[in-house]
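Q: Read off the chains here:
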Amino acid sequence: KALAMGAGAAAAGKAMAAPEGEDAILKLPEHTTGLGQPVAARGYGMPSKWESNLQRRESPGLTRVSQASVSFTPLQGLFGIITPSGLHFERHHQGWWDIDPSKHRLMIHGDDGLIKRPRVFTMDELMRLPSVSRIHFLECGANTAMEWANVAVPTVQYTHGMSSCSEWTGVLLSTLLDMCGIDRKRAKYVLAEGADGSSMTRTIPIELALDDVIVAWGQNGEMLRPENGYPLRLIVPGVQAVSSVKYLRRIEVGDKPWNTKDETIHYIDLLPNGLHRQYSGIQECKSVITTPSGGQTLLDRGYYNISGLAWSGRGTIKAVDVSVDGGRTWRPARLEKPILPKAFTRFNFDWVWDGKPAILQSRAIDSTGYVQPKINQLRAVRGTRSIYHNNAIQSWLVSENGEVSNVQVY
Amino acid sequence: KALAMGAGAAAAGKAMAAPEGEDAILKLPEHTTGLGQPVAARGYGMPSKWESNLQRRESPGLTRVSQASVSFTPLQGLFGIITPSGLHFERHHQGWWDIDPSKHRLMIHGDDGLIKRPRVFTMDELMRLPSVSRIHFLECGANTAMEWANVAVPTVQYTHGMSSCSEWTGVLLSTLLDMCGIDRKRAKYVLAEGADGSSMTRTIPIELALDDVIVAWGQNGEMLRPENGYPLRLIVPGVQAVSSVKYLRRIEVGDKPWNTKDETIHYIDLLPNGLHRQYSGIQECKSVITTPSGGQTLLDRGYYNISGLAWSGRGTIKAVDVSVDGGRTWRPARLEKPILPKAFTRFNFDWVWDGKPAILQSRAIDSTGYVQPKINQLRAVRGTRSIYHNNAIQSWLVSENGEVSNVQVY
Amino acid sequence: NPAGDKPWANMGRAPTPAEIKAWDIDVRPDFKGLPKGSGSVKHGEEVWIAKCASCHGEFGESNEVFTPIVGGTTKKDIETGRVANLHVDKYFPQRTTLMKVSTVSTLWDYINRAMPWNAPKSLSVEDVYGVVAYILHLGDIVPEDFVLSDQNIAEVQKRMPNRNGMTTDHGLWLPNYAFSGKPDVKNTRCMNNCPVEGDIKSMLPENMRDAHGNLFEQQRLIGPMRGWDTTKPPRK
Amino acid sequence: NPAGDKPWANMGRAPTPAEIKAWDIDVRPDFKGLPKGSGSVKHGEEVWIAKCASCHGEFGESNEVFTPIVGGTTKKDIETGRVANLHVDKYFPQRTTLMKVSTVSTLWDYINRAMPWNAPKSLSVEDVYGVVAYILHLGDIVPEDFVLSDQNIAEVQKRMPNRNGMTTDHGLWLPNYAFSGKPDVKNTRCMNNCPVEGDIKSMLPENMRDAHGNLFEQQRLIGPMRGWDTTKPPRK
Ligand code: HEC
Ligand code: HEC
Ligand SMILES: [Ca+2]
Ligand SMILES: [Ca+2]
Ligand SMILES: [Ca+2]
Ligand SMILES: [Ca+2]
Ligand SMILES: [Ca+2]
Ligand SMILES: [Ca+2]
Ligand SMILES: [Co+2]
Ligand SMILES: [Co+2]
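Residue numbers (the numbering used here), protein chains in the order written: chain A, 1 to 410; chain B, 411 to 820; chain C, 821 to 1056; chain D, 1057 to 1292.
Note that these hints are calculated values from the structure, not bench results. Incorrect hints may have been included.
Claimed, not checked - 27 Å max Cα-Cα, derived BS3-like pairs, lysine-lysine: (1) B:Lys513 to B:Lys526; (2) D:Lys1288 to D:Lys1257; (3) B:Lys598 to C:Lys978; (4) A:Lys356 to C:Lys826; (5) D:Lys1088 to A:Lys185; (6) D:Lys1077 to A:Lys103; (7) B:Lys728 to C:Lys978.
Since the structure is predicted, the reported quantities are computational estimates derived from the model, not experimental observations.
Working from the sequences, and respecting the hints, build out all of it.
A: So, in structure tokens, the structure goes:
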């Protein structure tokens, strides 16, 4: 028997009320028999009104005030690898601003001769420099944090929605540091600092700073959105997103790490023995099935295209395997192109639901050969209180009634 | 001497008014000393208020009514290869609609046994099918049409802004046609038809239909925008965008082309001898410098990162050359990744402006070895009245006063 | 794949005959899809005056809402099937619909699906035959007392002024895509001492500097450049 | 490149000493960047009551606006430099700021740059020394009559309860990035007959079904699935 659904789903059924056909076809709608809206009615367009369910949302009770909080990307409704900028997850520590870019400055300096030519740049000057455009994911170190011990949230928006992927445009930090005459031998770390109230500061080791870190103004073809650091932010590919400092105003080059508030009070991973792992930057290889996912109900039995995302802070995705029996057997998924370093990779997988309970999982493998772990493997080493860097295999239970639930199975 | 600019540019100068420093640094702004906006203040975000100059715009006088018209993408302000969906160019023949997707249907049929199992699909059903996500450009066949004879418009928005590039998600048309039991031997063409008032119809040869044509619902990670065919459109990669029928309601398989209004009255290329080239689909290899470009003024002498876009309807971009002396000498530009078939490729090129007049040009080469032509080479064969498929090398004149103008030089 | 080769193959449902009929409205050059029926020039003129003339002009000559539908074709064209005014030497200013359209089926199909612009698909079969006949009459392709029908439309096709005016012999014709698709224009990848005429052949006339509005307001307020302030003359 | 190797090298300008001073506010664990000055616990208490207590509680214990700043540390911890309550066996419910922070410089730096939350960078140097002293006093790290200063802060560092509580000996520490970066947890790519415990270890409690609002309204209205209507019990 077909699983009859509530609002909106009836039309999906194979059987029709009237034998001559469906009204949706036989009665030509207004848009087929009338004149629509003019071009440029909206000089800057917005999604369809029918899509308004897909919004960034806070997780109730996760944080106490909304200016030091997070809003999650609705991954359950997204396709491909580009996250629409309007749905990019947000993490602010002291609220977001829409800064006048003509007054924004970036200062680069460093004592003891580590920077020979300290400099101040306007946006005009920065945007004249040789630029790169690259697709990279950003993932908060605390993504999937709520799931270390138990299932705590219902949907992939809340389990994995602190990650997004965009095409970033900007100048390589290495280009700027070289312009400023960095002492490449003695410099060991840079401090990145934001211009917002929190003046967010993060230590970045020089190996990364001179590698693929971008001082970015562009996001998905246009300027950064205010919520994402307009007019200037750092992009530290593959590293927890807190390092990708927004509203970037200052880079200081030094010889020791800074141990800032978000390096010794937060973004530290508590081990069972009471020690905290500090400077845990890399976002290890991870994947998640977004369709179907928790909080959804399948409309019917039969074929489904299981779809999801995989990414690795260490390189490219080499393969994604999918299991529909809770991890007993796995088959490789199809990977969509492009497959880029430190970027989302979209995978798809054929599945026929026979109406019986099923447990869906995905498992990513990256170019270093690393295989995404199970939650119990992570817990065996790190316990359940380390908050950050939960890259465990995610399990979704499909029940007989078609409901998909967040579960832990290993 | 530096070229002093009007509003907004003064801050870019190297000299400062006060010796102790700039106010922009010394006087901490409100956003550094206050509390900002909460997360999810905007569940769906928008660009900064400082970016409102970048809008889709009509070209005055090009068309007579705005529902059968075009709005152009502001390429002069964009980065990378992804066009923000809100700025994707628009071309409507009878206006755009925001269609209730639960009532939208796709019918696939064909007489004489060309389709053995005609079918009607709901969006629910289509979105269950195996999908692909691919980055492709869309370019109107009439892009750069106004420039066949003379320079007619001032900026790259109007010369080249009928092209955009997005990540599209949907099911391959070949998958659907096979489901419907297409007779792969006898089928020669398909007709694609929209559900809007114009019920736009275009003939697509079966070689393409069974190759990389997508029946798409996703654009840049979310559903298609209403202006781009929500909830369903065709994407015919590499072919003039009129074939990528929006609001797709019907696919008919046949054995002859249809010669629809937009195949015999428009989208035909007039030759000097009075013949029209018909079914001129492919968008040949093309490129344009977007920064700097017409209607802009350079703030100063010195270094600039010349940046632009290249694409080809026949494959991938192999190289882009840039000339700053009106075509006498050329050097290869840097290509950003990814470089994908039938997609925008972003190029960058180092240039130092010495304050003297300069003529900037870009020339793309694709994977077939085709080299983008000059306008006089095109005219020698096609004359000046063929409207469509002007893929000529674009020239921008930088005058001593810093102004960049649209010119024709060959 | 334990679920079979193409487990999605049964998605969707068969359309009913009525459903196909409701949407399968296309008319091909060989008149496949053309409904039986007829309409006179006279009936067409009535429909035209009531429902079309406001946008296209009484005689299809208007350039207000859209480019003219009628004009520029001759008796000679009807004989040859080639519109002479399309030749570059004729300097004919505007290309009308009748100068370009090669098949009468296209007019029938398009008017039936899309016109009147603000009420598409509201015409009866007789109305469509009628206005097509009326337009053809305005181009002197059919006489004033003509009644266009599914029976005689093939004969009318033989009088379409531009019926021989199309070619698919070019490198952009899609079926060639996978095979040859030979480009008609070639450039070479010269890198140094490249041959150029060099002078500026065309640039925007001074009086069109502000024809697209103030360009300052169409460019970003930061970055390497600003837009021209076209409310002022060019900088010195 | 005729324009030289790095023709962009001169972009930008040198900052003035005053400009660097205005922005270079960071304080490192070795106290590089710490301004000279001092502040007493008593002064700090006044500042705290006036400008901090409303959010963090009179004794830094509040969980209302942010997690507690004070609590959970002991005299023993001050000796060992390891907060015992962080050990998994202690079952200590919440981790306070003082339980985690390893360097006193961090408190100075952060309060100076970011607090009070709604008026960051409004405190004087004395205020910052004072409130840091007050917080330390609430954690019994310094006595009630203490005056914290640039002169004695290095001594105070030796009493920070969690000063030995950090490790960088792991595969995610960034400097290891280019070198080893060895992951601590490994899975294998088993494809068939893979070992699993198999039962459901955890799932969302029934009473939390609607804790995130009505999920129907958080999912697309079309496509392969719908959201749970959490205003109703699960479907049968
Ligand atoms: C409200 C204005 C309006 C009315 C009324 C109207 N038209 Fe049109 N017509 C247009 C516009 C605008 C276009 C161009 C549409 C496009 O760009 O695809 C057009 C296109 C056409 C074309 C194609 C011309 C070409 O060269 O592409 C024909 C033929 C035509 N109309 C016939 C008719 C007939 C017959 C009627 C009445 C039964 C009619 N029109 C009523 C506005 C109108
Ligand atoms: C209006 C509310 C408010 C006021 C007033 C306020 N704070 Fe805070 N404080 C916060 C919030 C919210 C955070 C967390 C910010 C974040 O997430 O980065 C915080 C964080 C802190 C922290 C870091 C705690 C941790 O574990 O991360 C310290 C230390 C602190 N405040 C001290 C102070 C001091 C000292 C004052 C007064 C001078 C003060 N606060 C005034 C709201 C306030
Ligand atoms: Ca069904
Ligand atoms: Ca300058
Ligand atoms: Ca048909
Ligand atoms: Ca007459
Ligand atoms: Ca410093
Ligand atoms: Ca006390
Ligand atoms: Co974070
Ligand atoms: Co077009």
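Q: With the threshold set at 27 Å, check whether the alpha-carbon distance from B:Lys513 to B:Lys526 stays at or below it.
A: Roughly 25 Å separates the two Cα atoms, so the pair holds.
Q: For the pair supplied as a hint, B:Lys598 and C:Lys978, confirm whether the alpha-carbon distance does not exceed 27 Å.
A: This hinted pair holds, its Cα atoms lying about 25 Å apart.
Q: Would you mind confirming whether the straight-line C-alpha gap from D:Lys1088 to A:Lys185 stays at or under 27 Å?
A: holds, 21 Å
Q: Taken at face value, is the distance from the CA of C:Lys826 to the CA of A:Lys356 at most 27 Å?
A: holds, 20 Å
Q: Are the Cα positions of B:Lys728 and C:Lys978 separated by 27 Å at most?
A: Status violated; Cα separation ~48 Å.
Q: CA of D:Lys1077 to CA of A:Lys103, is that 27 Å or under?
A: holds, 18 Å
Q: If you draw a straight line from the CA of D:Lys1288 to the CA of D:Lys1257, is it 27 Å or shorter?
A: This hinted pair holds, its Cα atoms lying about 25 Å apart.
Hint 7 from the earlier list is the only one contradicted by this structure; the remaining hints agree with it.
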